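Residue numbers (the numbering used here), protein chains in the order written: chain A, 1 to 261; chain B, 1001 to 1106.
I should point out that these hints are in silico values taken from the structure, not numbers from a laboratory.
Keep in mind that a hint or two might mislead.
As the list claims (entries may be wrong) - Here are some chain A residues the structure puts well away from chain B; computed CB gaps all over 12 angstroms:
#1 D48
#2 D49
#3 T50
#4 N52
#5 F57
#6 R84
#7 F97
#8 N102
#9 R110
#10 S116
#11 R143
#12 L173
#13 Q179
#14 W209
#15 A211
What the hints assert, rightly or not - Looking from chain A toward chain B, a few residues come up when the C-beta cut is under 10 angstroms (computed):
#16 V161
#17 Q172
#18 Y205
#19 G213
In this text, all values refer to a predicted model and were calculated from it rather than measured experimentally.
Glycine included, every Cβ here is placed at the ideal spot set by N, Cα and C.
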Amino acid sequence: MTPPRPVLAGLVLVALAIVAAAAAEIPASERRSGYDFMGRETKAMQDDDTANPGMLFVLDGEAAWRRKVGAAGKSCADCHGDARVSMSGVAARYPAFDESRNRPVDLEQRINMCRSERQQAPPLAFESPDLLALTAYVARQSRGQKIAISDDARTRPFIEVGKEIFQHRQGQLNLSCAQCHDDNWGQKLASAVVPQAHPTGYPLYRLEWQALGSLQRRLRACMSGMRAEPYAYGAPENVDLELYLMSRANGLVVETPAVRP
Amino acid sequence: MARTLINVPAKAKRGDIIEIKTLIAHSMESGFRVGFNGALIPRDIITLFVCTYNGEEVFRADLSPAIAANPFITFHTIATESGTIAFSWSGDNGFSAAEFATITVE
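In isolation and in its complexed conformation, chain B is listed as follows (with noise of 0.2 angstroms):
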């Protein structure tokens, strides 16, 4: 699976707004360049992501040929309870990646 990087807080209070950062490893080619054999090389991108607060939808996105290689989205949301925080991404030729972190909300 492709490579992640999360960032959650561990702890909160009920009612903080919090920051989420993620990164994940793709080289979201887009579709549009030339190979050294004058084809083009086809797209390979990540098409969306997104994240789940104890299973409810909190964020998501869109992604679009445009979008930088190793995609970084960070947002913001409100702690509500503790529990899990899920991530996954999914994109062209069956990319699909998933990803976790706790927050114990006091």
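Isolated chain A (complex conformation) (with noise of 0.2 angstroms):
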């Protein structure tokens, strides 16, 4: 069957674009939030703690924070005090590099490290209520400052991992992130604007979801998307390319917890 000619002659164009958009990263000048793209209800939302359910989160977080676990029964609070303080800045720096594990680790890995090795609590699942409420709270403590991913000599190699995984095409539709984040954001994708994927607001309450929810939920939704089989959660792919959209969103705000569409 011959498609009609004016559909073929779309192809053609849409796939003339995609060559000539084969563009570079985005510059700085040009980053925005994916708050920058939403519309004003939803912006209201996030803005209004009273309004923002993922402060409901926030809040079982600071009494996650305070409880008692583990064979050592001690709390976040007893090693890390006020976490307004402590806290404060740190989810701005993660995935940060981690000596133990030679690698970099993401705030939920992170928690979960604490857990085991201080707390000698058995680690929270990923996607659990208790890690996504933790995580939430340690975030919010960054909010307002602007994310500083490291690009040490420790740090660059798992970044260019994740810009690799970034840019190469996967999954049944062969499409790279980049392709939507890089080349074409701003666009609609049906009737959602395509935003640059900078992950400033996570954990955070997708309307969608109807739920608080980590950035490698967010990844592993859109690799089902493209059709691509997604990393599991933790799995050292989802965290270098956390690192990568971290480091490429530097200069902007952390939003935790954001409210998106």
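Two independent chains are provided; combine them into the complex using the hints.
The structure is reproduced here in structure tokens:
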């Protein structure tokens, strides 16, 4: 069956556009948070702490921060004290290189390392309400601070791996992350605006999820959309991708807990 | 008890129209979704929200399965006198939550 002419012409145009727009990374001056692409109502929801459903999880996280758990009988607060002081700016630097693992770990992994090593408690499952709440509470303490991923010799190789994952085509649709988020941001995918993929507000409350979710959940959802096989929760590929995206967002401001459509 | 977030102005002038905002953590499971085992997930929603101002009812809402998780309800009332504004939510499976805020009216 031959497609009608206008459709064929359209396809050629799309193909040309993709080739022509095989663009480089977004210049620093044009980097914008997903917040900028949202509607007025969703922005208002994020801006008001008593309307932002993510704050319910932050409050849960605050309670968890003070709860003694594990064989050591310690709470997070017993070592770290007031999170508003000790955790300020931490989320803006994560994922960060960890010497014991000899690779970067994200905030969720860092919390779980503390749990198993210091509190001697079983690690929390990825996407479990407790881990999301603790992560949101910790990340909330960096709200308003600029993302500052270190670009040192130890971290750089992992950023490069993440960048490679971001740029290579995968899945049955043969798409790369970069084709949408570097080359076609600001355009529409169905009715939704394609954002620049800066992870400024994780864990965030997504209206579609009706819940708080991690960056890894978001990445896995994108991969399913590309009909690629998502990396497992906690997989090195996921963390490297998180690291690259955060380093790409350097200078943007942490919004946790953000709200997104 | 379910976690809630309440926003009531601490102070107001008599006769002022004040905005009240309430948010409560609840899954609002609609009863129409199918679980991994192919069976319907039973309905579990908040069905009623009531706000009283010094004991007098000023706002009431019936909630339905189409309302999203973590319902956010906002409304206005007139600041008449100092006192307590109380909120209560109730629903399926014996769900019940209550919260209050105090307001000073000058």
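Hint by hint, here is what the structure shows:
With a least beta-carbon separation of about 8 angstroms from chain B, A/D48 fails to lie farther than 12 angstroms from that chain, contradicting its non-interface assignment. At roughly 8 angstroms from the closest C-beta of chain B, the C-beta of A/D49 falls inside 12 angstroms, breaking its exclusion from the interface. Against the 12 angstroms criterion, A/T50 falls within the reach of chain B, whose nearest CB is about 4 angstroms from its own CB. Under the 12 angstroms C-beta cut-off, the non-interface status given to A/N52 relative to chain B is violated; the minimum distance is some 8 angstroms.
In this structure A/F57 is not separated from chain B by more than 12 angstroms, as the shortest Cβ-Cβ distance comes to only about 8 angstroms. With a least CB separation of 18 angstroms from chain B, A/R84 remains clear of the 12 angstroms interface cut-off, as annotated. The beta carbon of A/F97 sits about 35 angstroms from the closest Cβ of chain B, which is more than 12 angstroms, so the claim that it is off the interface holds. For A/N102, the shortest C-beta to C-beta distance to chain B comes to about 38 angstroms, beyond the 12 angstroms cut-off, and the non-interface label holds.
With a cut of 12 angstroms on Cβ distances, A/R110 stays outside the contact zone with chain B, its closest approach being about 25 angstroms. Every C-beta of chain B lies more than 12 angstroms from that of A/S116, the closest at about 27 angstroms, which supports listing it as non-interface. Distance check on A/R143: its Cβ is at least 16 angstroms (rounded) from any Cβ of chain B, clearing the 12 angstroms threshold; non-interface status holds. Under the 12 angstroms C-beta cut-off, the non-interface status given to A/L173 relative to chain B holds; the minimum distance is some 26 angstroms.
No beta-carbon of chain B is positioned within 12 angstroms of the beta-carbon of A/Q179; the least distance is around 32 angstroms. With a least CB separation of 9 angstroms from chain B, A/W209 falls inside the 12 angstroms interface cut-off, contrary to its annotation. The non-interface label for A/A211 is inconsistent with chain B: the shortest C-beta to C-beta separation is roughly 7 angstroms, within 12 angstroms. A cut of 10 angstroms between beta carbons decides the hint on A/V161: the least distance to chain B is about 34 angstroms, and the hint is violated.
For the restraint placing A/Q172 at the interface with chain B, the shortest Cβ-Cβ distance is roughly 24 angstroms, beyond the 10 angstroms limit, so the hint is violated. Taken as an interface hint, A/Y205 checks out: its beta carbon lies about 8 angstroms from the nearest beta carbon of chain B, inside 10 angstroms. Hint status for A/G213 relative to chain B: violated, with the closest Cβ pair at about 13 angstroms, above 10 angstroms.
The structure is inconsistent with the numbered hints 1, 2, 3, 4, 5, 14, 15, 16, 17, 19, although it conforms to all the rest.
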